[in-house]
Each structure stands twice: as structure tokens, then as C-alpha cells.
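K.L.:
Chain A is fixed; fit chain B onto it per the hints.
Below are the chains, spelled out letter by letter.
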Amino acid sequence: MKNAQITLKLFLDALEISPDVTTLEDRKKVQKAVYIGQTTGADLGYTYGWYLLGPYSPELTQDYFTLDSDLMTGDDEYKIYKLVESFSNKLKGIRKLMDVPPRVNLPQEDWLELLASIIYKMKETNDVDKTRKFLSQEKPHLRDHIDDAFKHCGEYGLIS
Amino acid sequence: METESNRINFEKKAIHDPVHNTINLSEIEIKIIDARAFQRLRNIKQLGLTSYVFPGADYTRFSHSIGVCHLTGKLYDAYCKAKNRPDDIEKQKYRLAGLLHDIGHYPFSHAMEDAIKLYVEKSHSQIIRTDSVGFKQFENPSHPMRYLEHESIGREILLNDDEINKILKDNEFKPEEIYPLFTRDGEVKENITNFISSDPDADRLDYLLRSAHHIGLPYGSTDIEYILRQIKIDTNGNICIDPKALRTVDHFLLCRYFDYSQVIFHKTVAGFEEILKRVIVYLINKNEIKISPENVKESILSGIWYEYDDAYILNLIRIFYRKTDTPDDIKLMMKSIIERKPPKEIVKMECIAESTKSKRENFRAKISDLEKLVDGISHQFNISKSSIFVWNNDTFEITKVGRMVERSETEEDSDKINQTVRIFNRISERSAPIMEREDSLMNILSNQALYSIRLFILFDLDRFNGEKSIETRTKEIIKFIDEKIPHRDWK
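Top to bottom, those sequences are chains A and B.
Note that numbering that gives the first Met the number 0 numbers the first sequence so that position 33 is 32, with each residue one more than the last.
Note that numbering that gives the first Met the number 0 numbers the second sequence so that position 265 is 264, with each residue one more than the last.
Honestly, the hints are just simulated from the structure, not real lab data.
Any given hint could be a false lead.
To be verified - Chain B residues, not near chain A, derived (Cβ > 12 Å throughout): (1) Asn-20; (2) Gln-125; (3) His-212; (4) Asp-222; (5) Val-389.
To be verified - Under the rule of at most 25 Å between Cα atoms (straight-line distance), these lysine to any residue pairs were calculated in the SDA-like manner: (6) B:Lys-165 / A:Phe-133; (7) B:Lys-165 / A:Tyr-77; (8) B:Lys-173 / A:Ser-135; (9) B:Lys-289 / A:Gln-61; (10) B:Lys-92 / B:Asp-161; (11) B:Lys-11 / B:Asp-169; (12) B:Lys-173 / B:Pro-292; (13) B:Lys-358 / A:Phe-64; (14) A:Lys-89 / B:Asp-161; (15) B:Lys-116 / A:Tyr-77; (16) B:Lys-358 / A:Lys-89; (17) A:Lys-1 / B:Thr-355; (18) A:Lys-1 / B:Lys-168; (19) B:Lys-168 / A:Tyr-50; (20) A:Lys-89 / B:Met-144; (21) A:Lys-89 / B:Glu-120; (22) A:Lys-122 / B:Leu-158; (23) A:Lys-138 / B:Lys-168; (24) B:Lys-165 / A:Tyr-50; (25) A:Lys-1 / B:Glu-349; (26) B:Lys-116 / A:Gly-44; (27) B:Lys-173 / A:Asp-126; (28) A:Lys-1 / B:Glu-353; (29) A:Lys-129 / B:Leu-158; (30) B:Lys-116 / A:Thr-65; (31) B:Lys-116 / B:Ile-127.
Just so it is clear, CB atoms sit at the ideal spot from N, CA and C, and this is done for glycine as well.
If we strip away everything but chain A, and leave its shape as in the complex, we get (with noise of 0.2 Å):
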């Protein structure tokens, strides 16, 4: 097992996010809680782009698969290793936010999905009416979570 592929098995583990990436939903749910890890300081060195689903990084697509082959052939090397104390303890700070809140009735990959893309399009306009606005368009689905999820990412000091 190669370090990023190390790294990120432990880093969603500490987010208690599992690596397996068979379905779109499994592979949604690994992109936007490395992308909210990452804006708490977590950095793993993704770089994201904006994409259908909101928040999204090839070179982690590249990295998640490989781990889930790495997994798969019982490669369990990760095990020997633990995260840095700081980065450790960052994660430690926002596992709670990867739980969905029990009044929002939505899936947990949606909610990510949700979160991912208000913080995303907030450091692009730094502007919550627009965000919203383009939220709201661009995913009607979660339209009717977005004041939830923008009130969760105050809170957690993920968006100024």
C-alpha cells in the first residue's frame, strides 16, 4: 500500500466514512467528506473541481480505487500506521458534522454533497444569497435542507 493510499484509509476512518466505493452513493460520500476534511485543515493535497455533484477531485477518484483494490487483495499494511497528532486531532473536530442531523430527512451522502457545496461556492463568491440562489437551481433536491446545512457550516467555522 502506497502512503496516499495509507493516509486516506486512516483519514476516513477518523471520520468513520467507510472506503468502499462500489456505488456512486459510496463514492459520493468519500469525495465531500475528504473535501470538508480538507477546509478544516486536513489537507491531503486534493484538488477539487466543481462538477455535477457539487465538489469533486480526479486525482482522489484515482486514489480511492486504488485503495479498494488494495483492500480487496487483503492489503492491510495501514494498520502499522496512525495519523500525525495535529491532523488526527483536526478530524476529531468534525466527525460529529459528517452525522446527519435528525431533523433533516436526508441520506448522508446527500447531506455531504450538501455541505461540500455550500463551502465550495462560498470561497468562489463569498456571497450566501448567491449560493443560495444557485443552490437552490442547481439542487432541487436539497433545496429544502439548504438553510440546515448553511447553519451547520457556521457553526463548525467553515464558512466566514
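P.N.:
Positioned in the frame of chain A, the structure of chain B alone reads:
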């Protein structure tokens, strides 16, 4: 529903291509081809330094990209014929994605991208070992280096290059609709994105056909017209191939194996590419090649990116070769590239075996054994350590998805399944990945991989000409290796 207003003339201009004969282009495609970002591809060889061995392998990403545009259109037409749903706008998007799929390639194509990945991988880590070795922290844990793969640079070009951006927008296409099709956006459910990147994709088809044509080897002679005629849509909407073409698809998938093993992994090609990667890493360390996403974006905006081609890097190598403060071992590598002085393959170990954890561990152990000998060879034969290198092919699976499909076989939504060729079942009218068919060669071979390890030495010819001949020295080194690691099947 197709209306008169959204019809597109895909035959605005015809150009001649040695592989596909006539290629017809639409107006927007002609404009894109004329843009400076696309013209840059004329100066980037598809196969890097492969032409040092196969003189005909000097075709560029320019002709390949036009070929991929053409084949993507043909795949789309076959798909629409099977689905009875023609849509010129959608077809144009896919053809544009095919045309633009390589627009972000680095100079020397994959050699440079691999060098950058190597540099980044070594430059940072956020992990520490907790086993008996003790707590070993990797260097520079808090500042990960970023880089962009060529598909992501393509995205940045579509978003930030004035000319390309304007052409797309003037024709009512958004960049955001095009780049996810060639970056293989893993979050797109529709499997027609696989026209550009999968086992049976337009990229691979054009590459194999074009390489076979230019190099003169027969490995890419695929009956593409027959495959296209056999495209079907199953009851779940998957693109698949009629079982009549099963043998043709098996043959196509094997072509890739033969092409890689005979061309890409050719000993001299592999040796030159390895040296080029090391030289590029040296130039990155000297800050002569800037790889951060911010630098790439800036160079796209300023236009510097369009001078950034094979000749630019080769010129940089020439400049540093002449510099008095460039270390001798790096100069030797630079000379190797400038004057085509290949490294010598000393030993090779190669096998085809299952792609399993134990085989891969065994493979890594063999690489490690050989790497441990580098110091000894350097000391014993008075050769600089940096001139001795162990190359490996990182295992090469015969199909793009290999064994990945096995676990996902019940998961209809699997992106990995979508990346492989599916074969139609005439009874159930569903389809299954080719490797699940007992009558296919891929049923046996998809789980197999080629494992290849080599030890190369870049001899300083000026020095060794006056000493023992290189042949004599090579025999002594082989004997030395065989004594230290006996019972290995060196070839």
C-alpha cells in the same frame, strides 16, 4: 425530440487521417482545433520517448485527439441507433469531450505526469509508523504538495482559457457540461460517459489503431467497425455488445496487453522514460518546472502554458546539461536523453500470474531485494548510485478493471462494471461483464497480471570505453547479483 433548430452539421469540413481516412468536423470543432491550446498538442508526442526505439512512434496528441473525437461520434451513433434516440446536441458534447480529453497533457505525456506524482508522493505524508520500527515520521507532514492530473488541467483550460471558453459559450455549451465527460467524473451515473474512458473507449481504440499504424507492429489491428455494428442496449439501459462479437472484443482487450508489453514496457523505452522522470524531478527540485495548481492556472491565464511542450522541456534539459554546477550524475542522465544513449538492462524478472495480495507482496519483496543491492553494486563496481536503478511496471492487469468486477457483480450501479465491456444475453436481454462469460478468454485472463522488474545501469560511456568493456562489466555485475540473490529466474 430532434428539431430543425438543434441539428448540427457534423460535416462542415473533412480532413484526411491515416487511421480513419476521412474525418468530418463540425464548425465548433474546427474552431477548437484552431485555438492555441489545441495547437499546442502538435508539439506533444503521444508516446514520449518511445520514438527513440520505434521511429514511427512520433505522432502527437493532436492527431490522436481528432481521432478520439471521430470515434466518440461513431460510438455515440451506434448507441443512438440501438437506443433509437438521436440527439445532435448531446452528440456534440461527447465529440467535444473526445476532442478535448488530452488538452491538459503535460510535455512528454505520461512520463512527466508520473514524475510529478513520484515527486508529490515522496514530498509529504500525514502518517507515522506504529510497529516495532518505532515512530518514524515522514518529512514535512503539514504541507502536502498539490498537483493536477492532465484531465484536471484540461478542466482548468476549459474554465480559464479565454479562447476555448469563448468558443464553447458562443456555441451555447458550458465548460461544466464538457469536462466531467473526459475527467471520468465518478459521480455521473450514466454509463455513456464511458465512450471516453473505459475498457472499450474511444481513447483506447484510437490509441491502439494509431500506434499500430505508426509503429508498424500489428497489435492494434482491431475490427472496430464490426464491434460498432454489434452495439446493443440491454433492458437495464447498459451499452453492451452482441455475443457475435465476443471474439473480436477478446482480441481487442488482448491487443492492449501486447501493445503495452511490447512497446510501452520495451526495455529501452522503459529505461529512457525512467531517466527522463529522474531528470524532471531534478528540474522540479530546482524550481525550473512549477507544478502547483496555482502555477498551472497562472500559466494558462498568461498564455505561458502554450509554450510548455516537449521542446520546452528538452531545451531546459540542454541548458542544464551545459551548466557547470549541474551534478555529474544528472548531466549523465541529461546526456542520455539528448544524445540517445540508453541505460543498459542488466537483469530482468518477468512473469504472468494472478493479481493477488500474495503475488503482489512477493513482487514488492523482489523489487526491494534488488533495490538493496544498489549500494553493493555501486561500491563493488565504482558506479554512481544514481546511475543504477530498479524499474518495475507496478503490475499490469490485462483488463482495465481486472478483478475489481468480482466483488461488484451484484451491484448494477457499479462504476467499475460500467468501465468494462458487457456482452448481451439474447435470452434474458440483459448483459454481463465479459469476464463473467465462460466462453470468453477474459474469463480466464482478467484476473491475471504481468509482473516485470528490471535493473538498469546508465554507464558513462566516456569512462567505460577506456576501462573494461561494458559487456565484460555487465557479466560481472550479473554474476554479483546472482550470488547475492540466488535461485531467481533472471532473464
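K.L.:
For each hint, tell me whether it holds in the structure or not.
P.N.:
A quick look at each hint next to the structure:
The Cβ of Asn-20 (chain B) sits about 33 Å from the closest Cβ of chain A, beyond the 12 Å cut-off, so the non-interface label holds. A Cβ of chain A approaches the Cβ of Gln-125 (chain B) within 12 Å, the least distance being about 5 Å, so the stated non-interface status is violated. Against the 12 Å criterion, His-212 (chain B) stays outside the reach of chain A, whose nearest CB is about 30 Å from its own CB. Listed as a non-interface residue, Asp-222 (chain B) keeps its Cβ farther than 12 Å from every Cβ of chain A; the least gap is roughly 30 Å.
Every beta carbon of chain A lies more than 12 Å from that of Val-389 (chain B), the smallest distance being close to 16 Å; the non-interface claim holds. A hinted pair counts as satisfied when its Cα atoms are at most 25 Å apart, and Lys-165 (chain B) with Phe-133 (chain A) qualifies at roughly 22 Å. Of the supplied pair hints, the one linking Lys-165 (chain B) and Tyr-77 (chain A) is violated, its CA atoms being roughly 47 Å apart against a limit of 25 Å. Of the pairs offered as hints, the one joining Lys-173 (chain B) and Ser-135 (chain A) holds, with about 19 Å between alpha carbons and a cut-off of 25 Å not exceeded.
In summary, the hint linking Lys-289 (chain B) to Gln-61 (chain A) is supported, as the alpha carbons are separated by about 22 Å, within the 25 Å threshold. Proposed proximity of Lys-92 (chain B) and Asp-161 (chain B) is supported: the alpha carbons are some 19 Å apart, at most 25 Å. The hinted pair formed by Lys-11 (chain B) and Asp-169 (chain B) meets the criterion: a straight-line CA distance of about 17 Å does not exceed 25 Å. Distance hint between Lys-173 (chain B) and Pro-292 (chain B) is fulfilled; the C-alpha atoms sit about 22 Å from each other, no more than 25 Å.
Proposed proximity of Lys-358 (chain B) and Phe-64 (chain A) is supported: the alpha carbons are some 19 Å apart, at most 25 Å. Of the supplied pair hints, the one linking Lys-89 (chain A) and Asp-161 (chain B) is violated, its CA atoms being roughly 39 Å apart against a limit of 25 Å. Distance hint between Lys-116 (chain B) and Tyr-77 (chain A) is fulfilled; the C-alpha atoms sit about 20 Å from each other, no more than 25 Å. The hinted pair formed by Lys-358 (chain B) and Lys-89 (chain A) fails the criterion: a straight-line CA distance of about 37 Å is larger than 25 Å.
Only pairs whose Cα atoms come within 25 Å are accepted, and Lys-1 (chain A) paired with Thr-355 (chain B) is accepted, the gap being roughly 16 Å. For the hint pairing Lys-1 (chain A) with Lys-168 (chain B), the CA-to-CA distance comes to about 41 Å; that exceeds 25 Å, so the pair is violated. As the CA atoms of Lys-168 (chain B) and Tyr-50 (chain A) are separated by approximately 17 Å, the hinted pair is consistent with the 25 Å bound. Between Lys-89 (chain A) and Met-144 (chain B) the alpha-carbon distance is near 19 Å, which keeps this suggested pair within the 25 Å criterion.
Proximity of Lys-89 (chain A) to Glu-120 (chain B) is assessed by CA-CA distance (about 22 Å); at most 25 Å being required, the pair is judged to hold. With a CA separation close to 17 Å, the supplied pair Lys-122 (chain A) and Leu-158 (chain B) stays within the 25 Å bound. Between the alpha carbons of Lys-138 (chain A) and Lys-168 (chain B) the distance comes to roughly 23 Å, so the proposed pair stays at or under 25 Å and holds. Simply put, Lys-165 (chain B) and Tyr-50 (chain A) have alpha-carbon atoms about 20 Å apart, close enough for the 25 Å limit, and the pair holds.
The straight-line distance between the Cα atoms of Lys-1 (chain A) and Glu-349 (chain B) is roughly 22 Å, inside the 25 Å bound, and the hint therefore holds. Of the pairs offered as hints, the one joining Lys-116 (chain B) and Gly-44 (chain A) holds, with about 12 Å between alpha carbons and a cut-off of 25 Å not exceeded. Distance restraint check for Lys-173 (chain B) and Asp-126 (chain A): the Cα-Cα separation of roughly 22 Å lies within the 25 Å cut-off, and the hinted pair is therefore satisfied. For the proposed pair Lys-1 (chain A) and Glu-353 (chain B), the alpha carbon gap of about 20 Å is at most 25 Å, so the pair holds.
The suggested pairing of Lys-129 (chain A) with Leu-158 (chain B) holds, with an alpha-carbon distance near 20 Å, which does not exceed 25 Å. Taken as a hint, the Lys-116 (chain B) and Thr-65 (chain A) pair is honoured in the structure, with Cα atoms around 14 Å apart against an allowance of 25 Å. Taking the CA atoms of Lys-116 (chain B) and Ile-127 (chain B), the gap is near 21 Å; set against the 25 Å cutoff, the hint holds.
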